[in-house]
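**Q** Just so you know, the protein sequences line up as chains A and B, in that order. Residues in the first sequence are numbered consecutively from 1, following the working numbering. Residues in the second sequence are numbered consecutively from 1, following the working numbering.
Please keep in mind that the hints were generated in silico from the structure rather than gathered at the bench. Please note that the accuracy of each hint is not assured.
Unchecked claim - Derived pair list, reagent style DSSO-like, types lysine-lysine, alpha-carbon separation capped at 27 Å:
(1) B:Lys-303 x A:Lys-252
(2) B:Lys-167 x A:Lys-252
(3) A:Lys-49 x A:Lys-35
(4) A:Lys-181 x A:Lys-252
(5) A:Lys-155 x A:Lys-181
(6) A:Lys-181 x B:Lys-303
(7) A:Lys-207 x A:Lys-49
(8) B:Lys-97 x A:Lys-252
One-letter residues, chain by chain:
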Amino acid sequence: MLFVYVVLGLFAVTTLAPFVWMLLTSFKSLQDVDKPGLVPPAWHPENYKSVFAQVPFGLYYLNSVLIAAWVTFLTVLTSAMAAFAFARLQWRGRNSVFILYLATMMIPGVVTMIPNYTVIVRLHLLDSYTGLIVPAAFSAFGTFLLRQFMTSIPKALDEAATIDGASAWTVFWDVIMPISKAGLAALAILTFLGNYGSFYWPMILIKSENLRTLPIGMMYYDSSYGRETNLIMAAGMMSLIPPLLLFIIGQKQMLRGIQMGAVKG
Amino acid sequence: MRKRVNLAPVLFLAPNFLGFLVFTAGPIVYSLIVSFTNWNLQRTVTTRAVGWQNFVEIARDERFWLSFLNTIYLMLGIPLSIAFSLWIAILLHRKMKGVNALKTLLFLPSVTSGVAIMILWKALYNPDFGPINRLIETLLHVHGPQWLLSTTNVAGLNVEHVGITSKQVGLGARDALNIMGVWGAIGGSNMLLYLAGLTNIPEELIEAAQVDGASRWATFRSIMWPQLAPTTFFIVIMSIIGGLQGGFETARVMTNGGPSGTTSTMAFYIFRKAFEEYRIGYASAVSWLLFAMILMFTLLNWKFGNKDANLA
């Protein structure tokens, strides 16, 4: 049993060590960064403020959170509605269209990035919030995940409501959605995290500094000010806060979402 | 009832389906068509259909084959990370204090944003001041490798041409990325999948083996490993599919494809062609080639994978 703890302990330490280094380095002065020694000889919390002075970090933060929030909201809403149509409503071609959705999930993102880029350019949405939000808001995966959830809800509930004269929307909004809370939460968390850390699409779309999201901003920050490791690490620590918070709060839902997502490769 | 035109499905499906058509299905078709043209966004040549010319050019482009080799090389860490994930899952699969805390801790790299972690590891790998080389120097009393600045690698892959040479043997950028990759993956979703797979193994099987006096290793080899085989298969396939299309973010953030293009994977190569050279037609062709490779593995999973095994 001791063996188990030791090995797990080693894995835990290896996993944590870089983060610990990052945290401690973010409080060092620039000279102390290059000197050996893990713990800062003197603590400099003002490093965190200095980041904001060098780059519009607050703006990057705002952009990332805002865009991710919008994408999450739109994704969850449209996916839920589509999932309802697939799981609950009967219509011709339902299964064929669903297979189409599944098929596209197999296609690597790279394939769609290029044409999406040309479309965005044509629509003059390059370097815009709309361009960053709208294309990312439509998820076949989201629809798939929520459909899985919804098919496990007993149909009796729908029927009871319909007998009482409920319209399709009422069944959706007042019956199915409340019960699907776990699935919605899982999708919301996964979507937010995914979009918050999204790199490729913002990379090709963003041209102006003020539109930069955190990943892009951090990349350019590092390439311009990379020598100031302490500040870069402070910036990194700050960018970790939303995902960490979200994870701590929604851990159960998130893990469930991952496991459900793995059901259909 | 069925004769009535049912508006409900249309209205519910419409928003998502429209977006699906415009941003997923449409672009897929569009991209396939474009890959048979010579479309260049800079309009240096008139756009026209060129048949298979792009694909022929890809086959002849040494840079592409180098990026293919790089992609494969950067997948070499996968077996190790899967093995570690399995090991951790087995260790965690018991009633003991702190299981959930440990699970959360180990999952941390999967939760945190990619770019922040990459910038972190870039600093860790600093050959002169980074803690990794500091540790190597303290423990082994030798100068640490140049890591991200070096084109050397364990296999001795050459830089300019496809091939192997002893001059390039060493620990370089690609190895640094592999190590980072293993670190990031061991506590991630693979571990979760294995944990789920372990709970599906009937307790009686393991108990029977222990009653018969089987050692822990024998129990693992004859019972756990075969029972987990579908999960392992799924994980391997998914890892390969992910690995084939990966490496872009890492390359762009940490090394810009270098040094000397040695960390340029196929995904990075596609990015370069599409968004730096603006050769949309050519880049689309490469992306479809990449898709074809991935499709092989997807079909493998579909054919030989056990659908029930994936249900957690």
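**Q** All hints are to be evaluated individually against the structure, with a verdict given for each.
**A** Results for each hint:
1. B:Lys-303 x A:Lys-252: With Cα atoms ~32 Å apart, Lys-303 of chain B and Lys-252 of chain A exceed 27 Å; violated.
2. B:Lys-167 x A:Lys-252: violated, 50 Å
3. A:Lys-49 x A:Lys-35: Holds, because 23 Å separates the two Cα atoms, which is no more than 27 Å.
4. A:Lys-181 x A:Lys-252: holds, 13 Å
5. A:Lys-155 x A:Lys-181: holds, 17 Å
6. A:Lys-181 x B:Lys-303: violated, 34 Å
7. A:Lys-207 x A:Lys-49: holds, 26 Å
8. B:Lys-97 x A:Lys-252: holds, 18 Å
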